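One-letter residues, chain by chain:
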Amino acid sequence: MPAPILEARVRAQRYWYRDGLIEIVVGIVLLLMSGECLIVALGQRKATWYLPGYAGSMVAVAVLFPRVTAVMRERVTYPRSGYAHSGTSGRKRSIALIIVGALLVIAARVLASHRSLIGWDYARWLPAIAGVAIGAIFVCESRHLHLSRLLAVGVLSIVLGIAVCIAPSLTYSPALAMALYLAGLGCALLCSGGVTLRNYLRSTPPPADLT
Amino acid sequence: MNSRVRKIANLDRLIHEPARLMIAATLYLVSEADFLYLLTQTELTKGNLSSHLAKLEEAGYVEIEKSYRGKIPMTVCRLTKKGRASFKAYEAALRGALFDPANGAFGASR
Numbered sequence: 290m291p292a293p294i295l296e297a298r299v300r301a302q303r304y305w306y307r308d309g310l311i312e313i314v315v316g317i318v319l320l321l322m323s324g325e326c327l328i329v330a331l332g333q334r335k336a337t338w339y340l341p342g343y344a345g346s347m348v349a350v351a352v353l354f355p356r357v358t359a360v361m362r363e364r365v366t367y368p369r370s371g372y373a374h375s376g377t378s379g380r381k382r383s384i385a386l387i388i389v390g391a392l393l394v395i396a397a398r399v400l401a402s403h404r405s406l407i408g409w410d411y412a413r414w415l416p417a418i419a420g421v422a423i424g425a426i427f428v429c430e431s432r433h434l435h436l437s438r439l440l441a442v443g444v445l446s447i448v449l450g451i452a453v454c455i456a457p458s459l460t461y462s463p464a465l466a467m468a469l470y471l472a473g474l475g476c477a478l479l480c481s482g483g484v485t486l487r488n489y490l491r492s493t494p495p496p497a498d499l500t
Numbered sequence: 015m016n017s018r019v020r021k022i023a024n025l026d027r028l029i030h031e032p033a034r035l036m037i038a039a040t041l042y043l044v045s046e047a048d049f050l051y052l053l054t055q056t057e058l059t060k061g062n063l064s065s066h067l068a069k070l071e072e073a074g075y076v077e078i079e080k081s082y083r084g085k086i087p088m089t090v091c092r093l094t095k096k097g098r099a100s101f102k103a104y105e106a107a108l109r110g111a112l113f114d115p116a117n118g119a120f121g122a123s124r
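Heads up: the protein sequence lines correspond to chains Y and L, in order.
Under my numbering, the first sequence has 409 at position 120, and the numbering climbs by one with no breaks.
Under my numbering, the second sequence has 80 at position 66, and the numbering climbs by one with no breaks.
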């Protein structure tokens with residue numbers, strides 16, 4: 290495929306990140322997950338409100354957030370720079386993400402039940418593993434789309450994941466380390482998305498008449 | 015003129031026009047896009063874009079759907095199967111005509 294077409298394809302894919310809304314939504318999801326880890330770290334897992342609260346937040350993440358993002362895009366992005374839908378449908382992407390997430394949870398459960406067999410306390414290093422994996426995804430995406438802010442978030446994810454694992458005061462509580470990692474990454478994404486959204490709103494005023 | 019260069023004469027003239035080529039190339043990369051997106055990507059004027067879209071629609075290359083998203087009117091455009099195939103064929107023909115396999119570069123052979 291000729292380079293101009295490839296370049297245009299990358300530009301079309303980059304359009305998805307133009308308003309920073311996706312980073313804000315992912316940041317909020319990570320902060321919710323961080324809250325869940327904090328509850329576990331504080332030993333409140335058996336509280337009566339834990340399960341309904343956890344289920345409620347998961348439903349909010351799965352059902353509410355895609356709709357909220359769509360509504361925000363309809364009000365913020367589409368009137369300013371137009372609507373474009375990429376080749377892969379949102380539903381297919383969501384199903385793929387749910388399958389990957391479910392497989393990761395199953396793998397973590399299996400590892401947890403066989404901790405004595407593998408002889409390695411993987412839970413302690415979970416933030417580092419997650420940090421490197423998520424960071425690698427961000428770094429690859431930033432290289433592919435030429436978005437330096439994603440590179441910064443990716444590097445931060447790797448550094449933060451490793452830092453919370455080796456910090457001496459946190460080694461006794463893996464759940465607290467995970468909560469700190471997720472909170473840090475969530476805040477970084479919120480900041481990145483917020484700045485991007487502010488710049489987008491400033492640089493792209495809504496047109497006088499809509500077609 | 016060699017046979018490779020003569021292929022240029024057979025290019026699809028409907029797509030070959032620069033403005034329509036921009037529209038087709040933009041729509042080729044997404045499954046659908048609205049009028050405003052095409053306007054910002056191609057930097058054509060509204061009238062120009064409208065008339066070129068109408069020509070592409072007339073040829074059956076583009077499908078245009080007027081709808082509302084909430085209270086906002088939207089003109090959603092997408093390439094039809096025929097349009098997608100034509101753009102692919104155009105791209106292959108242009109490549110075949112201008113790419114010199116002997117040199118591994120674009121340009122007519124001497």
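Check the hints yourself; a few may be wrong.
Here are the simulated SDA-like pairs of lysine to any residue, each with C-alpha atoms no more than 20 Å apart in a straight line [what the hints assert, rightly or not]:
{"no.": "1", "chain 1": "L", "residue 1": "K80", "chain 2": "Y", "residue 2": "R298"}
{"no.": "2", "chain 1": "L", "residue 1": "K85", "chain 2": "Y", "residue 2": "R356"}
{"no.": "3", "chain 1": "L", "residue 1": "K102", "chain 2": "Y", "residue 2": "A297"}
{"no.": "4", "chain 1": "L", "residue 1": "K80", "chain 2": "Y", "residue 2": "P494"}
{"no.": "5", "chain 1": "L", "residue 1": "K85", "chain 2": "Y", "residue 2": "A297"}
{"no.": "6", "chain 1": "L", "residue 1": "K95", "chain 2": "Y", "residue 2": "V360"}
{"no.": "7", "chain 1": "L", "residue 1": "K85", "chain 2": "Y", "residue 2": "A301"}
{"no.": "8", "chain 1": "L", "residue 1": "K60", "chain 2": "Y", "residue 2": "L440"}
{"no.": "9", "chain 1": "L", "residue 1": "K80", "chain 2": "Y", "residue 2": "V357"}
{"no.": "10", "chain 1": "L", "residue 1": "K80", "chain 2": "Y", "residue 2": "H374"}
{"no.": "11", "chain 1": "L", "residue 1": "K85", "chain 2": "Y", "residue 2": "M361"}
{"no.": "12", "chain 1": "L", "residue 1": "K102", "chain 2": "Y", "residue 2": "A301"}
{"no.": "13", "chain 1": "L", "residue 1": "K102", "chain 2": "Y", "residue 2": "E296"}
{"no.": "14", "chain 1": "L", "residue 1": "K60", "chain 2": "Y", "residue 2": "P495"}
{"no.": "15", "chain 1": "L", "residue 1": "K85", "chain 2": "Y", "residue 2": "A359"}
{"no.": "16", "chain 1": "L", "residue 1": "K60", "chain 2": "Y", "residue 2": "T493"}
{"no.": "17", "chain 1": "L", "residue 1": "K85", "chain 2": "Y", "residue 2": "R364"}
{"no.": "18", "chain 1": "L", "residue 1": "K102", "chain 2": "Y", "residue 2": "R298"}
{"no.": "19", "chain 1": "L", "residue 1": "K95", "chain 2": "Y", "residue 2": "H374"}
{"no.": "20", "chain 1": "L", "residue 1": "K85", "chain 2": "Y", "residue 2": "V360"}
{"no.": "21", "chain 1": "L", "residue 1": "K80", "chain 2": "Y", "residue 2": "G371"}
{"no.": "22", "chain 1": "L", "residue 1": "K85", "chain 2": "Y", "residue 2": "P496"}
{"no.": "23", "chain 1": "L", "residue 1": "K85", "chain 2": "Y", "residue 2": "R298"}
{"no.": "24", "chain 1": "L", "residue 1": "K85", "chain 2": "Y", "residue 2": "S375"}
{"no.": "25", "chain 1": "L", "residue 1": "K85", "chain 2": "Y", "residue 2": "G371"}
{"no.": "26", "chain 1": "L", "residue 1": "K60", "chain 2": "Y", "residue 2": "R356"}
{"no.": "27", "chain 1": "L", "residue 1": "K85", "chain 2": "Y", "residue 2": "E296"}
{"no.": "28", "chain 1": "L", "residue 1": "K95", "chain 2": "Y", "residue 2": "R298"}
{"no.": "29", "chain 1": "L", "residue 1": "K80", "chain 2": "Y", "residue 2": "R364"}
{"no.": "30", "chain 1": "L", "residue 1": "K60", "chain 2": "Y", "residue 2": "L445"}
{"no.": "31", "chain 1": "L", "residue 1": "K85", "chain 2": "Y", "residue 2": "P368"}
Per label pair, the in silico range of CB-to-CB distance [to be verified]:
{"no.": "32", "chain 1": "L", "residue 1": "L25", "chain 2": "Y", "residue 2": "G483", "range": "42 to 52 Å"}
{"no.": "33", "chain 1": "L", "residue 1": "A68", "chain 2": "Y", "residue 2": "P495", "range": "22 to 32 Å"}
{"no.": "34", "chain 1": "Y", "residue 1": "H433", "chain 2": "L", "residue 2": "K96", "range": "23 to 33 Å"}
{"no.": "35", "chain 1": "L", "residue 1": "A33", "chain 2": "Y", "residue 2": "R491", "range": "21 to 31 Å"}
{"no.": "36", "chain 1": "L", "residue 1": "E57", "chain 2": "Y", "residue 2": "E363", "range": "18 to 28 Å"}
{"no.": "37", "chain 1": "Y", "residue 1": "G345", "chain 2": "L", "residue 2": "K95", "range": "41 to 51 Å"}
By construction, these hints were calculated from the structure, which means they are not laboratory data.
Values in this document were obtained by computation on a predicted structure and should not be read as measured data.
Ideal placement from N, C-alpha and C gives every residue a C-beta, glycine not left out.
Worksheet entry | Numbered hints the structure breaks, given as an ascending list | Violated hints: 1, 4, 5, 6, 7, 8, 9, 23, 24, 26, 27 and 30; rest satisfied.
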